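Q: What follows is the residue order along each chain.
Number of protein chains: 2
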Amino acid sequence: MRWSQYFLPTLKEASIENDDTPSLRLILQAGMVRQLSSGIYTYLPFGLAALRNIEQVIREEMNATGAVELLMPALQPTSLWKESDRYKLLGKDIVSFMFKDRHDRELLLGPTHEEVIMEVVRREVNSYKQLPLTLYQIQTKFRDEMRPRFGLVRSREFLMKDAYSFDVDEEGLELSYQKMLAAYHRIFKRLEIKYKVTGADSGAMGGKFSEEFVAEGACPELEIGHIFKLGTPYSEKMKGLFLDKTGQQRPFVMGCYGIGVSRLVSAVIENNYDQSGIIWPISVAPFHLLILPINYDDPAVKEAADRLYAAAQEKKIPVLMDDRARQAGEKFKDADLTGIPFRITIGKNLKEGKVELKKRSEPKGELLPPDQILETLFKYLSI
Amino acid sequence: MRWSQYFLPTLKEASIENDDTPSLRLILQAGMVRQLSSGIYTYLPFGLAALRNIEQVIREEMNATGAVELLMPALQPTSLWKESDRYKLLGKDIVSFMFKDRHDRELLLGPTHEEVIMEVVRREVNSYKQLPLTLYQIQTKFRDEMRPRFGLVRSREFLMKDAYSFDVDEEGLELSYQKMLAAYHRIFKRLEIKYKVTGADSGAMGGKFSEEFVAEGACPELEIGHIFKLGTPYSEKMKGLFLDKTGQQRPFVMGCYGIGVSRLVSAVIENNYDQSGIIWPISVAPFHLLILPINYDDPAVKEAADRLYAAAQEKKIPVLMDDRARQAGEKFKDADLTGIPFRITIGKNLKEGKVELKKRSEPKGELLPPDQILETLFKYLSI
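Top line first, the protein sequences correspond to chains A and B.
Counting in our numbering, the first sequence runs from 1 upward without gaps.
Counting in our numbering, the second sequence runs from 1 upward without gaps.
Heads up, a few of these hints could be off.
Any copy will do: because identical chains look the same in the list, a pair fits if it lies in one copy or spans two.
Claimed, not checked - Taking lysine-lysine pairs in the DSBU-like style, the calculated list, with each CA pair at most 30 angstroms apart, reads:
(1) 194 to 359
(2) 129 to 12
(3) 179 to 316
(4) 208 to 92
(5) 100 to 82
(6) 379 to 316
(7) 333 to 88
(8) 302 to 129
(9) 179 to 315
(10) 316 to 189
(11) 100 to 302
(12) 315 to 379
(13) 189 to 315
(14) 208 to 196
(15) 348 to 129
(16) 196 to 100
(17) 316 to 351
(18) 12 to 245
(19) 179 to 302
(20) 331 to 129
(21) 245 to 331
(22) 316 to 348
(23) 333 to 245
(24) 239 to 12
(25) 302 to 245
Hints in this document: simulated from the structure, not taken from any laboratory.
All of these numbers come straight from a predicted model, not from anything done at the bench.
Please model the entire structure based on the sequences and the hints provided.
A: Here's what the structure looks like:
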């Protein structure tokens with residue numbers, strides 16, 4: 001991607017509230033998101049790319065556990081919440097948007113999907129032979145927060161991964177739960193987030209046991225994951241039943257497992273930045289390589305930059321080239337701010353046949369001939 | 001993927017309304033979607049896979065035009081619609097869900113995003129140097145339809161691709177529009193949909209010129225795409241202004257370009273089915289290959305099936321193996337219904353060292369030794 005044809009508007013300053021977090025300032029300055037209204041954000045292309053990379057890590061680890069992806073709707077009839085007996089929590093413990101459609105039927109925008117997944121599964125699964133089953137989605141959720149804050153952390157519209165396991169008994173649930181727990185450890189490790197796991201209050205979700213994943217960082221909130229052994233309350237109330245080996249009807253034993261995907265964008269940054277900007281881990285980086293020609297108008301610089309750009313694309317390296325007609329100082333500032341892991345600078349050393357390769361995470365780069373620089377980069381990227 | 005570990009519940013029959021379309025019946029029977037409420041659907045894994053493949057075709061063709069992807073929120077403050085003077089159309093020509101948040105501020109669930117994209121662009125773009133610019137998203141839209149029908153075609157929650165172009169003048173708009181028009185032709189061709197393009201009423205979108213893409217098929221509705229030359233009305237009303245080469249302030253000249261992504265699932269099927277079920281084009285097929293061992297309990301059959309399954313996975317062919325303990329007749333019925341383009345059947349011919357390779361689109365298959373069958377398949381798939 002050429003910066004001149006991209007839409008990556010960086011900001012010298014970003015105004016945030018006093019109690020807001022460093023990651024929100026960086027997310028705004030690095031042209032990742034813009035606020036539309038309180039707690040409602042547009043992901044600009046650079047932010048969307050980071051979000052999609054996080055999604056992909058989660059998807060790969062979910063699939064590796066044998067969980068299967070589906071997609072439930074945001075709109076839910078509140079009648080289902082009457083069945084589960086959670087209707088009374090709406091607007092209080094569960095701060096959802098509720099309204100009536102043109103036929104005067106009450107709908108809500110799903111803040112969570114236990115009721116919907118139960119409706120799907122109870123219609124299709126009626127035998128122990130179809131179990132265990134874990135389904136998940138990566139989907140937009142809504143909450144009518146009293147006070148949205150911390151940018152993507154406590155917002156009114158956000159992306160979540162929610163998974164639901166269905167087992168024949170408690171031992172089955174324990175296995176499904178442990179698989180998810182292990183997957184969560186792998187996910188947060190790949191995203192280079194420091195975190196701890198603590199026993200937690202199951203709150204409005206119900207059930208008997210839950211654990212919470214809390215990220216390190218300045219944000220007092222950043223719960224990034226929460227996993228629950230729900231047991232049978234939803235199945236009993238909503239008649240989620242199957243026939244066991246002996247032909248007896250029994251309720252599904254259920255677990256649920258959430259990850260705040262949008263929140264992870266903040267958490268990754270809180271764990272990976274310095275005074276000058278973001279330092280993306282490769283797993284999340286919107287681009288792996290930034291090519292920075294200091295003066296793209298200079299024919300020799302342009303030729304070298306274009307050749308390296310084409311070679312990186314050839315090797316399928318996600319590459320951004322800063323071909324903008326800007327001052328060198330501004331380009332270097334934006335390079336540090338946007339935090340792309342590797343940078344190739346093409347400047348005055350080109351006359352001596354050298355260009356610079358620099359890691360964002362290290363203070364100094366190395367000078368190399370253009371012909372060797374990509375090989376060195378491929379080694380770093382294990383390509 | 002092994003069918004026994006997947007979630008693909010097929011149905012012998014599906015009840016649909018009299019005036020509904022063949023594609024809706026097939027979508028339900030082939031375990032692709034389930035209705036949660038009127039006009040509100042869950043995508044089961046098989047349907048989601050088709051949807052994602054359609055998304056990917058659209059994304060590739062959008063990116064090839066130089067358009068850049070972002071993601072806008074579903075929640076929109078109605079104040080923006082007062083600026084554009086479309087507030088008065090809400091609930092009438094534009095059937096949206098509107099409600100108030102806990103602070104009594106009015107929100108709507110976006111049925112379209114001209115106002116939001118204008119709010120994003122007017123804050124970031126102020127010079128002709130930043131133009132032309134085309135931004136797009138693939139995002140969930142909402143409409144409070146009077147009478148939802150035809151399954152995914154006229155639903156209340158659906159996926160759309162909406163793109164917005166910003167140019168300095170009418171000639172620029174013409175270029176951007178023609179690029180999109182060409183991309184639309186490529187998209188529908190790749191999806192193997194027959195369609196026609198007609199001049200259309202611009203309706204609530206405004207502007208002076210639009211063209212509509214209408215798919216062939218039984219559905220009286222299936223408009224699958226609509227592209228508009230909007231001109232300057234939104235820019236003038238919402239103060240979307242930039243400085244031209246001479247330093248004069250001028251309004252962006254705008255175009256907008258929609259594709260009904262969920263609708264395309266129906267349109268692809270309407271254009272690709274027979275009496276027994278779906279016949280997926282490769283570009284959309286949730287899996288390219290179905291391996292069908294007639295009796296997976298037979299050790300020789302199991303060994304051959306497992307070996308072919310592993311070999312297909314090795315070659316990154318999206319493969320489903322029907323390892324269910326079902327009658328052969330039921331498996332063949334489901335194979336035709338779900339419409340995976342290639343099928344390898346492992347049955348009684350295995351004793352003579354032969355398995356069958358069959359295209360879903362052709363009545364007869366060919367018998368080949370297991371060692372040669374994948375090579376033949378790779379040729380068909382151009383791998």
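Q: Indicate, hint by hint, whether the structure satisfies it.
A: So, going through the hints one by one against the coordinates:
no. : hint       : verdict
1   : 194 to 359 : within (21 angstroms within a copy, 50 angstroms between copies)
2   : 129 to 12  : between (60 angstroms within a copy, 19 angstroms between copies)
3   : 179 to 316 : between (33 angstroms within a copy, 25 angstroms between copies)
4   : 208 to 92  : within (21 angstroms within a copy, 48 angstroms between copies)
5   : 100 to 82  : both (16 angstroms within a copy, 23 angstroms between copies)
6   : 379 to 316 : both (15 angstroms within a copy, 25 angstroms between copies)
7   : 333 to 88  : neither (52 angstroms within a copy, 46 angstroms between copies)
8   : 302 to 129 : between (64 angstroms within a copy, 20 angstroms between copies)
9   : 179 to 315 : between (35 angstroms within a copy, 28 angstroms between copies)
10  : 316 to 189 : both (25 angstroms within a copy, 26 angstroms between copies)
11  : 100 to 302 : neither (59 angstroms within a copy, 54 angstroms between copies)
12  : 315 to 379 : both (13 angstroms within a copy, 25 angstroms between copies)
13  : 189 to 315 : both (26 angstroms within a copy, 29 angstroms between copies)
14  : 208 to 196 : within (20 angstroms within a copy, 58 angstroms between copies)
15  : 348 to 129 : between (69 angstroms within a copy, 27 angstroms between copies)
16  : 196 to 100 : neither (41 angstroms within a copy, 38 angstroms between copies)
17  : 316 to 351 : within (28 angstroms within a copy, 46 angstroms between copies)
18  : 12 to 245  : between (66 angstroms within a copy, 25 angstroms between copies)
19  : 179 to 302 : between (51 angstroms within a copy, 27 angstroms between copies)
20  : 331 to 129 : between (60 angstroms within a copy, 17 angstroms between copies)
21  : 245 to 331 : between (67 angstroms within a copy, 24 angstroms between copies)
22  : 316 to 348 : within (28 angstroms within a copy, 45 angstroms between copies)
23  : 333 to 245 : between (66 angstroms within a copy, 28 angstroms between copies)
24  : 239 to 12  : between (57 angstroms within a copy, 24 angstroms between copies)
25  : 302 to 245 : between (71 angstroms within a copy, 25 angstroms between copies)
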